Amino acid sequence: MFEFNLPLANIVLVTGFLLILSGLWAMFIHKNIIRMIIGFSLMDTGIHMIMVALGYITGGTAPIFDDAVDGMQMVDPVPSALVLTAIVIGLGVTAVMLSYAVKIHQAKNSLSIDDCAEQKW
Amino acid sequence: MVTELLSPLNIIIIALGAGFLLPLIHARSPRFAGQVMFASLLYFVIISAYHFYTLIGGAPAVEIITAGIQPPFAINLRFGLAEAFVLLAVNTAALFGARYMFDELREHASAMILFIVWIMGINGMVMTRDLFNLFIFVEITAVSSFVLVAMRANSIALSAGFKYVIAGTMASGFLLLGTMLLYYQTGTLNIDDLIIHQEMITGPFGTAALMLVLGAILVELKPFPANGWGLDVYQAAPAGIAALLSVGVSAAYLFALYKILPLLTSFLPVIAATGLLTFVASNFIGLRQSDPRRLLGYSSVGQLGLMVTALALLTKFSLTEYIPLVVGGLFISHFLAKAGLFWLAGIIKGSELGDWSQLRSKPVLIIAFLFLITALAGLPPFPTFWAKWQLVMSLMEYQQHGWVFFILLGSLLEVVYLFRWFGKAVSSQSDKALDISSSGNRQWLPVVLFVGLLLACGQVMASSFDLPVMALLPVYAGLLLMLIDGLGERLKQIASLLVIIAYSVYLIPSLDGLNWIFGLMLLPGSILILIASTYQQGTARPGFYPLFVMLVLSLGTLLAAETMLGFFLAWELMTVSSYLLVSLGKKATRPSLVYLVFSIAGAFLILFAFALIYAQTGSMQLSAIGQAGIVSNWPFILLLSGFFIKMGGLGVHVWLPDAYAECDDDFTAMMSSVVSKAGVFGLFVVGTQMTAQLNDMDTILTVVGWVGLIMALAGAIMAAMSEDIKHLLAYSSIGQLGYIVTTFAIANHTGWVAAMYLAVNHLLYKGLIFLAIAGVLYRVKTRYMYQMGGLIKNMPISFISVLIGIITISGVPPLLGFGGKWLLYNALLERGWYLQAGLAFFASAVAFLYLFKLIHTIFLGQRKSEHEHVKEAPLALLIPQITFMVLIMAFSMFPNILIQPLSDAVAPFMASTFTWEGYLLITENGYWNGFLVMNIVGVLFMAPAILLWLVSKKMKVQKVKQFNIVFAAERPFTPATTHYAYNFYAFYDKAIGFLTRPDATRFWNGVSEWGHTVGASLRRFYTGNGQTYAGLILFYIGVMYLAVRTL
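Chains A and B, in that order, give the protein sequences.
Counting in my numbering, the first sequence runs from 14 upward without gaps.
Counting in my numbering, the second sequence runs from 24 upward without gaps.
Hint data in this document are derived by calculation from the structure and do not stem from the laboratory.
If you're wondering where the values come from, they're calculated on a predicted model, not measured in any experiment.
Treat the hints with caution; some may be incorrect.
These stretches of chain B come out as covered by chain A in the derived footprint (C-beta under 8 Å, 3 or more residues) [said to hold, decoys possible]:
1. 86 to 94
2. 1049 to 1061
Distance ranges between label pairs, derived from CB positions [unchecked claim]:
3. A:T74 to B:I69: 48 to 58 Å
4. A:S35 to B:A176: 42 to 52 Å
5. A:S35 to B:A82: 45 to 55 Å
6. A:S35 to B:T1046: 22 to 32 Å
Okay, the calculated bits of chain A under chain B, using three or more residues with CB under 8 Å as the criterion [to be verified]:
7. 89 to 102
8. 123 to 133
The beta carbon of each residue, even a glycine, is placed where N, CA and C say it ideally should be.
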């Protein structure tokens, strides 16, 4: 019997990679700084999804020690813990980027990355 | 209690605490907030210093456990010796950096918080042993940098900052992703645990994970070509921030790389290659750079590249015991010098290299600038010198010629642009003035302090090598004399003379054989020339005496050197000091740079040869040259080429005429008569060590012999065609050294005695003539001979000096030069080089042309009316001239007092073929009695002279006014060019003038042009576009991945 098996973790994993790629893509093709920042956010979220997916075990339980739970069936708690930190850091970085956008707009009256090329060679 | 107070973890606790408290305190009292910040930073320094001190005393590394749980189940940090070293440096720089930019920091509490958290991030990156924790600290450091870079919120800084943000976030994203993939494969985040279980990292997946982590760290170390954003940041950020970015943040990433390197065994060649590519490419591009801040950026990324290469290669060849010396040395040099230079950059107004001339208004700063540049360029006595020496030696042991070649190439390029910068700073005039009054000493004092630390580190590193105690004496003597550089000229001259005399008395008796003879030549020769140094009364010569003493003492150390390192060290010290002395000339900026570049290139050939010898024999002694010669001729050829450059050998002579012509007139005498002998000494060091092999090197020696004679001929022709008196003498030096090269290549007893004899000869007559000419130039203020004439009446003693000098050069009896020529032909015939003897004879004949021109156009003929009242040269110049003449006369009269010791010194290497009968010297081909010749010629000359005198007493001579016929016809527009001395040898010029066209100069200009073109094409990557830069980062990581997969 053919069984179409697509575990949840793999869906999240693939989506995560796709998000990273689309985020990077956005950072490359859009000249508008705000759009580039959105691209970064997408990429960051993609990385977070991958982190969660890597620790997930199909059909696993919450990682709480209990007599009723078999230790091997627990979801790995470490990535979940780390992803929280990563999300917070991502938030901080996004905030810095957005404040850059504000300042750049104030200084140049433009949000195009092409207007940020004063220095070269 | 003390241990708890000084726990490294306190750095993080205090930084976080201060971060929360500072805004509160700042609202109440900004002043107190500043003090809190400084107190915290000072505490960081104290903690790292304390642990550095205990760890160096052998204490075990401090392991910090968090959450009360052992690793790998909780994050742990480590504070070992390496960590303590890096963090002591970083925290010290941070303390001074905060003080440097306190005016800006104190405005906002947030700036202070960011600064302190920034430094904490760097500390954390260095200490942590957990990969995810590393990511956290990376982000803390990065976010603070992002904001601090743009703290002035000007347009350029914002642009650069945003590019930095893009690059930084991409890199840290990759780091996070890679960390998680590694965790997925191994189930651990602890770096030590990962290293233990690295076999679990497998397949393309594992490689990709490692590549992401490595790529993230490498990108932050700004590899070519993915580093455009970094350069923009260095250029645009406030100087204080750029300084800490270049030294502090980079240090943290370099340390992170060092930590994860054990995981990356299969990546090492690729890592080394990317580092070296960055080093060479940045230095090529540096050639084109005119903005000092951006130049510092290129230098920074280049240095980081070199450190990455060194780290990877030493790990690859399991030479990890040299990592502290090599990478540590490169690191600390880069660290102190780059911080100092960025700090200086913040003080200076304007964005041209020439604007650094503002530093001249504060001498201590221009000296500091020189030291920082020298340290970066890898010249002694600074740490990079020792690090590069060890790196080259270690790599060569594993036959890594290619790596060494490119490291040396990059280093040479670095020397070019760094010292071009220095040249512009000392020669150009900036329209802006240096203003350091508002900030007190807190902006420039740290620079001076860091220079002191550089010297101290250099000394510490020197002590890890097997060197005599006196090896660095030239540097310290120079530094000491620099302290009294503000005093009167006469006083400094006497002090310098005393130092050199004391040193000679100490050194010469300890030498023996040929070294003893060279000691007797070079040191007293220098003393004679130094006596002349005060001839320009009322002219201050800042820097002259310290450098002169350093030069003479380094020549002495060169003679005393027994190891290859000692020799190379003295050689480099001699090069640096003589370069600086040349650069003191008024228009010497470019000539001195060319001189330095050729000298360093020559030094690198010598270094390469030494490394080959060390690799073959495992010995650092100079005596190993002979053993290595058995295996291959390459060390011999390379060493010869290196010394050849120093002597101004044909083809690589292009530095010489201008360097001689443009340096101070009395120093030209030093360059020509004394410094050029260092090259001759080098030849003999090689020759005496390789006597056993010289018989088998017939082809090489024949080539060298011909090259020397062509040099002699070309030098003589070029001299004959010169209008500039100093050029004439410079070309004459090339020609005369050509004979020395040839006689050296003859490689028999007569040949070597002839070479030594010619060297002594050259020292005496070139010292004599150049000093006489210095007097003439001082009086007539022109270097063109056709603007002189008839000076015999005004300057009779100088005339006699030049006359004696040219008789000696020409090699006619009875003076010293005849003996030289006699020995030369004897040696050539003995060797069977008959054709060569013919050429030597022809070259000597050509030499008469320029010698005649020299004496005729200056002293004879018609005197210019403006020179009517010219006086004799100052006494300071005449005393050494008379001494030189006395020596020439004495040696001419009694040649055996010169030839006997020379023959004895050569005899241990080449069996003597001389027989003496009183004053009569007998060789295979003839005999010569110098005493008799002198007497006969004396009688022959004196008799007609007395006769003439008697006759002239009888005759009535009608005196004619000087110009009574010359102006009978129309007055020419350019009277000078109708002077008979102008284009003196026009008829010869038609026949052989093509030989004097500057083909070699054109060739080397082409090389320089090519270097600039390479730089220009390489920097095409840096379009200024943030997205291009991001694309290059992806491209870089992709190429690295492919390279690792395929290798």
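Verification of the hints:
1. 86 to 94: violated (count 0)
2. 1049 to 1061: holds (count 5)
3. A:T74 to B:I69: 48 to 58 Å: 50 Å Cβ-Cβ, so the 48 to 58 Å window holds.
4. A:S35 to B:A176: 42 to 52 Å: Cβ of S35 (chain A) to Cβ of A176 (chain B): about 32 Å, so the range 42 to 52 Å is violated.
5. A:S35 to B:A82: 45 to 55 Å: 52 Å, holds
6. A:S35 to B:T1046: 22 to 32 Å: Holds - the Cβ-Cβ distance for S35 (chain A) and T1046 (chain B), about 25 Å, lies within 22 to 32 Å.
7. 89 to 102: Answer holds; 6 residues pass the 8 Å Cβ test.
8. 123 to 133: This one holds; 8 residues, not fewer than the three required, reach chain B with a Cβ under 8 Å.
When each numbered hint is compared with the structure, violations occur for hints 1 and 4.
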